[in-house]
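Colleague: In order, the protein sequence lines correspond to chains A and B.
So our numbering is basically just the index in the first sequence, starting at one, shifted up by 791.
So our numbering is basically just the index in the second sequence, starting at one, shifted up by 40.
These are calculated hints, taken from the structure and not from any lab test.
These figures come from a predicted structure and were not determined experimentally.
Where a beta carbon is used, it is the ideal one built from N, C-alpha and C, also for glycine.
Any given hint could be a false lead.
Covered stretches of chain A (chain B as the covering partner; in silico rule of three or more C-beta atoms under 8 Å from a C-beta of chain B) [what the hints assert, rightly or not]: (1) 984-997; (2) 1122-1135.
Calculated lysine-lysine pairs in the DSSO-like style (CA-CA distance at most 30 Å, straight line) [what the hints assert, rightly or not]: (3) A:K854 / A:K794; (4) A:K799 / A:K854; (5) A:K799 / B:K238; (6) B:K238 / A:K854; (7) B:K135 / A:K799; (8) B:K217 / B:K135; (9) B:K131 / A:K854; (10) B:K135 / B:K238; (11) B:K135 / A:K794; (12) A:K854 / B:K135; (13) B:K214 / B:K131; (14) B:K214 / B:K238; (15) B:K238 / A:K794; (16) B:K217 / B:K131; (17) B:K238 / B:K217; (18) A:K799 / B:K131; (19) B:K214 / B:K135; (20) A:K794 / B:K131; (21) B:K131 / B:K238.
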Amino acid sequence: MFKTRIIKALLAALWFMVLTFPIVGIQVNTTARNINWRWDRIASMGIGIFVLALLWNWCFERKALGLPIIKKLPDSFHYSFNELQNRPLFKKGLPIAILAAMLLMPLVSSIYQTNIMISAMVYVILALGLNIIVGLAGQLVLGYAAFYAVGAYTYGLLYHYFGLTFWACLPLGGLAAVIAGFLLGLPVLGLRGDYLAIVTLGFGEIVRLLLLSQGDITGGPRGISNIPRPSFFGMKMTLDQVTNYTYYLVLAGVLITILVISRLKNSRIGLALQALREDEIACEAMGINTTRIKLTAFMLCSCWAGFAGVIFAAKTTYLNPASFTFMDSAMILSMVVLGGMGSISGVVLAAMLLILAPEYLRAFSEYRMLLFGAVMVLMMIFRPQGIIAGAHRDYHISENIREKASPEDEEGNADSAERASA
Amino acid sequence: MEQLLYFFELFFGGLTRGSIYALIALGYTLVYGIIELINFAHGEIYMLGAFTAMVVAGVLGVYGLPSAAILIIAALCAVVWVGAYGFTIEKIAYKPLRGAPRLSPLISAIGMSIFLQNYVILAQTSDFVSFPQLLPELPFLEKIGSIMGESDFIILVTSTATMIALTLFIRYSKTGKAMRATAQNRTMALLLGIDANKIISMTFIIGSALAAIGGVLIAAHMGQINFAIGFLAGMKAFTAAVLGGIGSVPGAMVGGLVLGLCESFTTGYFSGDYEDVLSFGILVLILVLRPDGILGKAKVQKV
Chain A
792 MFKTRIIKAL
802 LAALWFMVLT
812 FPIVGIQVNT
822 TARNINWRWD
832 RIASMGIGIF
842 VLALLWNWCF
852 ERKALGLPII
862 KKLPDSFHYS
872 FNELQNRPLF
882 KKGLPIAILA
892 AMLLMPLVSS
902 IYQTNIMISA
912 MVYVILALGL
922 NIIVGLAGQL
932 VLGYAAFYAV
942 GAYTYGLLYH
952 YFGLTFWACL
962 PLGGLAAVIA
972 GFLLGLPVLG
982 LRGDYLAIVT
992 LGFGEIVRLL
1002 LLSQGDITGG
1012 PRGISNIPRP
1022 SFFGMKMTLD
1032 QVTNYTYYLV
1042 LAGVLITILV
1052 ISRLKNSRIG
1062 LALQALREDE
1072 IACEAMGINT
1082 TRIKLTAFML
1092 CSCWAGFAGV
1102 IFAAKTTYLN
1112 PASFTFMDSA
1122 MILSMVVLGG
1132 MGSISGVVLA
1142 AMLLILAPEY
1152 LRAFSEYRML
1162 LFGAVMVLMM
1172 IFRPQGIIAG
1182 AHRDYHISEN
1192 IREKASPEDE
1202 EGNADSAERA
1212 SA
Chain B
41 MEQLLYFFEL
51 FFGGLTRGSI
61 YALIALGYTL
71 VYGIIELINF
81 AHGEIYMLGA
91 FTAMVVAGVL
101 GVYGLPSAAI
111 LIIAALCAVV
121 WVGAYGFTIE
131 KIAYKPLRGA
141 PRLSPLISAI
151 GMSIFLQNYV
161 ILAQTSDFVS
171 FPQLLPELPF
181 LEKIGSIMGE
191 SDFIILVTST
201 ATMIALTLFI
211 RYSKTGKAMR
221 ATAQNRTMAL
231 LLGIDANKII
241 SMTFIIGSAL
251 AAIGGVLIAA
261 HMGQINFAIG
271 FLAGMKAFTA
281 AVLGGIGSVP
291 GAMVGGLVLG
301 LCESFTTGYF
311 SGDYEDVLSF
321 GILVLILVLR
331 PDGILGKAKV
341 QKV
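Produce the entire structure from the sequences given, and follow the hints as far as they go.
Modeller: Pasting the structure below:
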């Protein structure tokens, strides 16, 4: 058993060493005509793959046996953790502690750190917005950066041509993104899942290309610069103050987003969306107009992207189409996937992790996108529900009701039992 | 007369482009036909083909082989290695997800695509690299040189030959028949003793090899490549596959040519600014209006 594992891993290592040889092992300079053979890289590739293959096979063996990949913590620990989780002090205390830490942060950190935190929080808003359509409704949207761009450019252009302020543009940016969402959503939302993904991707690219090519209006690749930061009743503020002010503004935005989305989740629309995710045909059979509900979700999520776009424009004071590529859409999507589709805390955690980790681990930032890609693949294989799984609602008919129903009519009982098993 | 010449120049330019799109689109269509997966990483496979050929051609160029030999060896290496990449990617990213919800393999494919782009950035470079000038001079083209260059001619001939070979392979060989059977009904094919895993691997290898040929041809034609060429080419090829009806092999060929011609004529007669917008626009329109494409058949979703 042990021997076959080693042999398997060795073969995998050998296979990958041959496979990656031309691209990893050779660098040619065609003008200077010299070849750089990088045997060291091939050797480390072999060793790395050997270890990874062992891990990979081990993970699959555990998965096939139905065991969790990470060993469960000892029962006593688990018990005490559960205990802790249920204590009202912990339940209420943890969010308050986090909130207090977030509130105090700009007072102790440098402008640089505050700025990083602001962009992380903008991504939290974006990821939570995308979570409505991807996580709750189960519709894959790959062109999310387009709505983000619509919001950002609404502010940029309205300021540039009409001198409108941040506060006037915030609702307008959201509105513009909603209109864009409506116009795109109306024709495409009847499409099947993977086609919808591709159409939204196409739309995202069209928006970016139009921003690039309409140079007389949007400034083309040069973009729009000198966009003002948010103002506070026309007060004059230093850079330090305005950064802190923006920070609190975005923090408020994040809190509002979390509030709205957690309320939405259990509302009529939210429940319909979750039904849609679980089974589209069954959902339609229950009398839900799937196209309309999808459109609602689509407009809601584009609205959030619009707000985030306006904030982004005000934060960076500079816009160009390079900030709204497919890679940005993919990054926001990977936050949702990594965090756990439909789970608010998971998505917040993943967005923070994906933005802050590369900032603080500089050595790792080069490998950031490589790891994003790998993590997306691995998550789908080993933990499709994400870091923190979103709660799936289960319905159980209580014994009480069942007993009441049975003597009166048999059919009702059968019906409810069927629903419970479904 | 001049107008006619210009027309033919655009026509052949469009055919050249279109045949590259068709080569890549075939990979999408073959894979989709068998496992109903949009192989999002297919554009990156094409890019890997161009890079492998560039590296091999560079090494051989330093040792000073004749350019025609370099081109052929580089193309063969690209086909073999990229076939192997396709095989490996399927084993890692898609095989464990068979039977998973429909969106899981798609997200996995997007992850794979991001991974491969960054793999090339880290292993090679993120800048444009020049591809050595390897195409032979063809004296008989001199008379019509203004409407069709050497690279156009070679691309047209190679891709036509490849597509004919593929059609014959799918129609007459045992593997090709097994592929068609699996595409039609996988359960039935399994009952008849066809090893579906082998057929799926085979499909990925063939699709990747076709993309590699496309990659080598386009690299030789354009003269420079970078890590991002796969994204746009992949999207356009996907458009072509959808245009012709995804899952249909002749559809992918027709779709590729139609898209290439459309692009060439709009660029030639209107403006080059909207070239990419046009193909994405076609993609959106065709998916909305006729998702089964020109040659596809409408399928009703069953419960």
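Colleague: Confirm or reject each hint.
Modeller: Verification of the hints:
Given a C-beta distance limit of less than 8 Å, the hint that chain B covers the segment 984-997 of chain A holds, as 11 residues qualify and 3 suffice. Here the segment 1122-1135 of chain A counts 3 residues with a CB under 8 Å from a CB of chain B, which clears the bar of 3, and the coverage holds. Restraint check for A:K854 and A:K794: the C-alpha separation of about 21 Å stays at or below 30 Å, so the hint holds. Restraint check for A:K799 and A:K854: the C-alpha separation of about 18 Å stays at or below 30 Å, so the hint holds.
About 19 Å separates the Cα atoms of A:K799 and B:K238, which keeps this hinted pair within 30 Å; it holds. Between B:K238 and A:K854 the CA atoms are separated by roughly 23 Å; this keeps the pair inside 30 Å, and the hint holds. The suggested pairing of B:K135 with A:K799 holds, with an alpha-carbon distance near 18 Å, which does not exceed 30 Å. For a cut-off of 30 Å, the pair hint linking B:K217 to B:K135 stands: about 22 Å separates their Cα positions.
Distance hint between B:K131 and A:K854 is fulfilled; the C-alpha atoms sit about 16 Å from each other, no more than 30 Å. For the proposed pair B:K135 and B:K238, the alpha carbon gap of about 11 Å is at most 30 Å, so the pair holds. A hinted pair counts as satisfied when its Cα atoms are at most 30 Å apart, and B:K135 with A:K794 qualifies at roughly 25 Å. Restraint check for A:K854 and B:K135: satisfied, since their Cα atoms lie roughly 14 Å apart, inside the 30 Å limit.
Between the alpha carbons of B:K214 and B:K131 the distance comes to roughly 23 Å, so the proposed pair stays at or under 30 Å and holds. Distance hint between B:K214 and B:K238 is fulfilled; the C-alpha atoms sit about 13 Å from each other, no more than 30 Å. This hinted pair checks out: B:K238 and A:K794 have alpha carbons roughly 26 Å apart, not beyond 30 Å. With a CA separation close to 23 Å, the supplied pair B:K217 and B:K131 stays within the 30 Å bound.
Note on B:K238 and B:K217: the hinted pairing holds, with a Cα-Cα distance of about 13 Å set against a maximum of 30 Å. Among the hinted pairs, A:K799 with B:K131 is consistent with the structure: their alpha-carbon atoms are about 14 Å apart, no more than 30 Å. Straight-line distance between C-alpha atoms of B:K214 and B:K135 comes to about 23 Å, which keeps the hinted pair within the 30 Å bound. Distance restraint check for A:K794 and B:K131: the Cα-Cα separation of roughly 22 Å lies within the 30 Å cut-off, and the hinted pair is therefore satisfied.
A threshold of 30 Å between alpha carbons decides the hint, and for B:K131 with B:K238 the separation of about 11 Å falls inside it, so the pair holds.
In the structure shown, no violation is registered for any of the earlier numbered hints.
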